[in-house]
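A.B. asks: For reference, the chains in residue letters:
Number of protein chains: 2
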Amino acid sequence: MIEHVALGIDIGGTNTAYGLVNRKGEVLFEDSIVTTDYQDPESLVEKIYNDVKENGYLESLLGLGVGAPNGNTFTGNIEFAPNLKWKGVIPIAELFEQKFHRPTLLANDANAAAIGEHLFGNAKDLNDFVLITLGTGLGSGIFIDGELIVGSQGFAGEFGHVRVVQNGRLCGCGRNGCLETYVSSTGVVRSVNELESIHKADSTLTKKSKVSAKEVFLAANSGDQFACEIVEYTAEILGNALADFAAFSNPKAYLLFGGLAQSGAYFSEKVKKYMEENLLKIYQGNIEIRNSALHDMNAAVLGTAAAMFWKAIKK
Amino acid sequence: MIEHVALGIDIGGTNTAYGLVNRKGEVLFEDSIVTTDYQDPESLVEKIYNDVKENGYLESLLGLGVGAPNGNTFTGNIEFAPNLKWKGVIPIAELFEQKFHRPTLLANDANAAAIGEHLFGNAKDLNDFVLITLGTGLGSGIFIDGELIVGSQGFAGEFGHVRVVQNGRLCGCGRNGCLETYVSSTGVVRSVNELESIHKADSTLTKKSKVSAKEVFLAANSGDQFACEIVEYTAEILGNALADFAAFSNPKAYLLFGGLAQSGAYFSEKVKKYMEENLLKIYQGNIEIRNSALHDMNAAVLGTAAAMFWKAIKK
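Residue numbers (my numbering), protein chains in the order written: chain A, 58 to 372; chain B, 58 to 372.
Derived by calculation from the structure, the hints in this document are not laboratory data.
Since the structure is predicted, the reported quantities are computational estimates derived from the model, not experimental observations.
A few of these clues could be false.
Any copy, or any two copies together, can satisfy a pair, since identical chains are not distinguished.
List time: in silico SDA-like cross-link candidates among lysine to any residue, alpha-carbon distance up to 25 Å [as the list claims (entries may be wrong)]:
1) Lys257 - Glu272
2) Lys264 - Ala310
3) Lys144 - Asn335
4) Lys330 - Gln223
5) Lys327 - Gly234
6) Lys144 - Ile255
7) Lys330 - Gly342
8) Lys264 - Glu151
9) Lys156 - Gln341
Produce the entire structure from the sequences given, and follow the hints as far as they go.
C.D. replies: As structure tokens, then:
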């Protein structure tokens with residue numbers, strides 16, 4: 058008997074990961090490509106199609122689950138995603154369906170990750186949590202009473218665009234001071250350029266023409282003072298923001314997911330310290346900060362695929 | 058046959074309203090007292106008990122529903138309410154039960170109001186909305202998919218304590234810049250004292266030793282320039298905050314409820330304008346602002362009583 062699989066695809070601002078997952082949640086095949094290498098979404102769809110076909114999985118494929126920034130479950134469209142170079146409204150689910158001739162479910166990337174953590178990861182024991190994705194941008198997936206919140210238009214959980222600094226950094230969304238302009242891989246890189254410090258001139262970070270968020274965290278681990286200040290600044294802004302976000306759903310935990318969260322436990326400990334200092338008294342000591350249990354790509358791939366299975370089973 | 062009633066009680070920072078409601082939602086009797094006249098919660102419970110008894114409703118009383126700031130449904134306690142002079146943890150449900158010998162359900166005051174609007178008011182057609190109470194403080198009741206959100210500890214929707222101004226006004230909660238220090242009846246009165254304006258010296262507001270939020274709105278209606286500036290300032294801060302709150306649950310509407318909301322449609326129109334200017338593109342044109350349909354007291358009383366009926370029926 059043929060083993061059926063689902064194709065999970067996680068479209069990110071920088072990379073796109075995809076993998077084939079069976080009903081048990083086992084990843085049979087996975088790969089990653091650079092999103093920005095593809096001028097239009099059609100060519101990215103084409104590339105993934107060819108890869109799946111060449112690896113012999115086309116026959117056993119039941120359907121697709123796609124996670125993408127500003128991905129709208131209701132419409133199947135990516136709508137005005139500030140962190141993708143494909144602008145406007147992109148009918149991404151339709152593009153995949155036309156190419157693969159399989160049902161395709163679209164989810165916000167952070168929602169897909171939250172579903173993955175709830176099914177297989179560090180949120181298995183939680184009914185009320187908020188997952189925060191720290192990637193090119195910052196997103197969130199919100200679970201309340203064991204259910205994912207999608208919102209009246211399908212756009213719940215846009216925490217990256219809560220403004221946390223008055224007249225702050227210009228965001229891709231056109232507004233100023235959005236959380237993701239500070240707390241994301243691009244935000245950390247902006248901090249290298251925009252923050253002033255007496256340690257800046259001595260820092261290894263300012264010796265290079267281009268630096269990544271990962272390099273900032275590595276430099277901080279090596280004792281680079283300016284890098285340490287940036288990590289502290291980033292943790293302080295995130296901790297403060299999480300303290301205020303708690304006032305919405307009063308979650309049991311925040312899960313930190315993605316690049317910055319993988320920089321080690323010390324980042325989440327700093328975030329926890331700043332959050333705790335700024336929480337309303339009634340929440341103090343009651344909200345955990347956890348790191349994601351799953352590798353970035355796996356979680357998203359599993360999450361989107363699982364979401365699709367769920368929907369399929371419900372029908 | 059005796060007609061059974063529920064006693065709904067809305068404990069506010071300034072006034073406490075209570076009323077007897079039958080199963081049809083009809084208010085048979087209602088009254089209001091000044092909360093701050095009661096040194097301890099026991100004396101307030103005593104007063105309401107005597108009133109219900111004297112009016113002959115004790116025999117037909119099935120149970121009580123209480124709405125209060127920081128009222129926790131899970132514990133039956135009012136916990137650290139910044140806007141009540143009774144401090145710490147108050148076992149309010151237990152106090153009412155001991156006096157009345159009837160089951161008593163406690164709800165956050167804003168949650169009670171949201172239930173009331175959803176049952177009888179301007180949110181009857183809505184499954185996804187956030188009710189904002191503008192009273193002594195600022196609270197919120199959040200409906201998602203037709204269900205009230207209570208949170209892991211029972212403290213969801215503490216929007217009044219989201220910090221909207223960096224290093225802003227000192228709040229009763231001990232933190233700075235909380236929304237309710239600007240947008241509430243006490244916040245508006247603070248604006249009279251703290252804001253500077255070239256129109257301040259000429260304003261009728263500065264001629265009195267004490268002024269209420271209602272007087273500020275009346276003065277603005279009469280063309281008092283300083284009063285107009287305060288109304289504009291208050292609407293701008295609220296509109297801005299609502300724009301960011303939308304990023305959580307992506308609601309279909311906000312309902313404005315309580316003292317400030319009753320100052321006429323023009324306040325909510327100003328709030329709408331500022332919200333719209335500051336919304337993320339994907340939300341623009343998709344979120345309504347409505348005023349409460351119900352008189353303050355009625356809605357809260359009906360809401361709490363109805364909540365109690367619901368719970369009773371479910372058991």
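A.B. asks: Evaluate each hint against the coordinates.
C.D. replies: Tested hints:
1. With identical chains, the CA atoms of Lys257 and Glu272 are at most 25 Å apart within one copy only, with a shortest distance of 15 Å there and 54 Å across copies.
2. In this assembly of identical chains, Lys264 and Ala310 lie within 25 Å of each other by CA distance neither inside one copy nor across copies; the values are 39 Å within and 51 Å between.
3. In this assembly of identical chains, Lys144 and Asn335 lie within 25 Å of each other by CA distance solely across copies; the values are 21 Å between and 37 Å within a copy.
4. For the homomeric pair Lys330 and Gln223, the shortest alpha-carbon distances inside one copy (23 Å) and between copies (19 Å) are both at most 25 Å.
5. In this assembly of identical chains, the alpha carbons of Lys327 and Gly234 lie at most 25 Å apart whether taken from the same copy (21 Å) or from different copies (23 Å).
6. In this homomeric assembly, Lys144 and Ile255 never come within 25 Å of each other (Cα to Cα): the closest approach is 40 Å inside a single copy and 46 Å across copies.
7. In this homomeric assembly, Lys330 and Gly342 come within 25 Å of each other (Cα to Cα) only inside a single copy, at 11 Å, whereas the closest approach across copies is 38 Å.
8. For a Cα distance limit of 25 Å, the shortest separation of Lys264 from Glu151 qualifies neither inside one copy, at 46 Å, nor across copies, at 66 Å.
9. Within a single copy, Lys156 and Gln341 get their C-alpha atoms no closer than 51 Å, and across copies no closer than 33 Å, so neither meets the 25 Å cut-off.
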